[in-house]
Amino acid sequence: MAYTEEELKKELETKEYEYGFYTDIESDTFPVGLNEDIIRKISHKKGEPDWMTEWRLDAYSYWSKMEEPEWANVQYKKPDLQAISYYSAPKQKPKYKNLDEVDPELLDTFNKLGISIEEQKKLSGVAVDIVVDSVSVATTFRETLAEKGIIFCSISEAIKDHPELVKKYIGTVIPPKDNYYAALNSAVFTDGSFCYIPKGVKCPMELSTYFRINQAGTGQFERTLVIADESSYVSYLEGCTAPSRDENQLHAAVVELIAMDDAEIKYSTVQNWYPGDKKGKGGVYNFVTKRGLCNTRSKISWTQVETGSAVTWKYPSCILKGDYSIGEFYSIAVTNNFQQADTGTKMIHLGNNTRSTIISKGISAGKSQNSYRGLVKVGPRAKNARNFSQCDSLLMGNNCGAHTFPYIEAKSNTAHVEHEATTSKIGEDQIFYCNQRGIDTEKAIALIVNGFSKEVLNKLPMEFAVEAQKLLEISLEGSVG
Amino acid sequence: MLTIENLHAQVEGKTILKGIDLDVKAGEVHAIMGPNGSGKSTLASVVAGNEDYEVIKGKILLKGNDLADLDAESRAHEGIFLSFQYPVEIPGVSVTNFIKTAINANRKAQGLKDMPASELLKKIREKAKLLDIDSKFLSRSLNEGFSGGEKKRNEIFQMAMLEPAFAILDETDSGLDIDALKIVANGVNKLKGKDNAVVVITHYQRLLDYIVPDFVHVLFDGKIVKSGTKELAHELEAKGYDWIKELA
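Protein chains in written order, with the working numbering: chain A, 92 to 572; chain B, 79 to 326.
Among the hints, a few may not be true.
No more than 16 Å apart at the CA atoms, straight line, and that leaves these computed lysine to aspartate or glutamate pairs for EDC-like [to be verified]:
1. K268(A) <-> E145(A)
2. K186(B) <-> E533(A)
3. K260(B) <-> E228(B)
4. K545(A) <-> E222(B)
5. K201(B) <-> E241(B)
6. K516(A) <-> E167(B)
7. K301(B) <-> E83(B)
8. K178(B) <-> E241(B)
9. K308(B) <-> D287(B)
10. K141(B) <-> D101(B)
11. K534(A) <-> D192(B)
12. K103(B) <-> E83(B)
FYI, nobody ran anything at the bench for these hints, they're computed from the structure.
With the hints as extra help, turn the sequences into a complete structure.
See below:
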């Protein structure tokens, strides 16, 4: 059946969030509000050393003087940060040595998400550090990694067990006063992941963390720090889903990557936070700061598939400090219903002969707004910097918007910067062509969207690409105009 | 195989088909000719179930079953295939991936499981050979940057893969040079059998030198004004369409 605009609109509106369930696990939650006492309490609860507590308090003092930014192309009711509880941890405390010890209900949750830990372990060789409501519940494969000297643990553990590394690098790529939400995160982060790859080591498996907001009314402030020492390599996967909640949930993560000389970091994200209902009520606010520092001849690749969140504000960036360093950004951002996304990247070329590539694919449906915002900056002393940017937008229906805000600041006359942009719409003629071959409209849309996103999907590790494709299909079922 | 009775159809309030009768039996090849704007492509679209067109009177029967309530994909599942005059591009979707999706969608409608990869590959190789298609072509994005000839060859390749009971080729010859025309026609001839039927829509007699029709119909102003054998095509080639207009 060929779809009319009206029918499509209806179908779009009735699409419910598939991962909208809530796990009933007893939690240990702080009272709402934010002040120095709460920060001391978080730090104490986590058994942190004094320097960490001080670092948090410094961040808090910066933050308390800052204003929430308003320049992004998104509109939302600012969250009341004094109405949030800043600490929530599952009650069954001590770490589990194996899966038998893990709360069966939690495992059930993961199964609903299609994430079977056992399968992950056996089939894909992925070590999973799962973060549920801020405290790591299960860590696997750690011994295998340890044999190579690789450290992969929660950031809380890293603060205790590897304070010298954390102290040396935390906040060096994203200083606490970098921006409003980074400052907030620095003050109150409760957990996250830490990864260190020693010199010359190629990490033998994809490192994977699944994040999940689990407790109603708790903001989640993840902190991730990945350090790839000289000539090392790591591929890091991050995937998120959240249960359906009525009130807005704030997510303000910070991810810092450091690639030493000749190192390579691949950081892949599949993000599927709850996007709110069909009326635009609820949904996660995702205000994330992600940045990597590239030293000489090193390379950082960001790949992201963003399908969730009510409001997204996210710019995974690379500082190309070292000569011959490479930065890459591959992104698919899908918005439907009332979702708003303002996402893109910053490529800061400081070293000589640095290169960067930006491939951004925005897909808008429903009444959503999808913006690409990117900065390519070439410093005055950066010789022969090269950038290629490509921003493609795909529109479905007549009520959504796609926007592109490319900023280019080239201060060196040897810089070579290219920008290409296209906008297209899924055509009824494409749908009819597929229908005529016996392919129904939903499948046709999935096919067209996957084709549009292929350059980015191809950058994801295999097992992640399959999941990402599934998410694209779920997010866009029935949407065409 | 396909019976059309007194078919009237309109698009955007304008009546294009004004009473078409056509009976195509299994094993037959029919050609529909006619000047621009006579309704040839509309007829193809209506049979395929394009909902931009509204049937206001008459009916279309496939193997005796009325198609009125079937949407385009259900008609495809029943065995109707349209080789498009202007095939659309689907960037990023390879020819192989597209045909795999189409085959499995049709199998699903018949209650069958996906075609095993090895069987699919074997079939693709066999049909590609039939149409002189090389494997590089199969991994390219569907119709993206294809020449006119490549697009048409791809249409016939899909037909070969899907093995429809009833195919309409809408100006499959347009944009083809003589070599491509021969390959396409040869492909169609090899696919022809006693259990299927083909309707070829064309402007020129040229294609009919290679795909020899059992019957030729001339469409003008939404009606079939003359029917005959392949000699009619030669007559049209020699005399043009003006004399036909007087028949209307």
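Here is what the structure says about each hint:
Pair hint K268(A) plus E145(A) holds up; C-alpha atoms about 14 Å apart against a cutoff of 16 Å. Taken as a hint, the K186(B) and E533(A) pair is honoured in the structure, with Cα atoms around 15 Å apart against an allowance of 16 Å. Under the criterion of a C-alpha separation no larger than 16 Å, the hint pairing K260(B) with E228(B) is consistent with the structure, at around 13 Å. Pair hint K545(A) plus E222(B) holds up; C-alpha atoms about 14 Å apart against a cutoff of 16 Å.
At most 16 Å may separate the alpha-carbon atoms for a hinted pair to count; K201(B) and E241(B) meet this at roughly 11 Å. Restraint check: the Cα-Cα separation between K516(A) and E167(B) comes to about 12 Å, which is no more than 16 Å; the hinted pair holds. Using a Cα cut-off of 16 Å, the hinted pair K301(B) and E83(B) holds, with the two alpha carbons roughly 12 Å apart. At most 16 Å may separate the alpha-carbon atoms for a hinted pair to count; K178(B) and E241(B) meet this at roughly 14 Å.
At roughly 9 Å between alpha-carbon atoms, K308(B) and D287(B) fall within 16 Å of each other, so this suggested pair holds. Pair hint K141(B) plus D101(B) holds up; C-alpha atoms about 11 Å apart against a cutoff of 16 Å. Annotation: proposed proximity of K534(A) to D192(B) holds, straight-line Cα distance about 15 Å (limit 16 Å). Annotation: proposed proximity of K103(B) to E83(B) holds, straight-line Cα distance about 14 Å (limit 16 Å).
Comparing the model with each numbered hint stated earlier shows that all of them hold.
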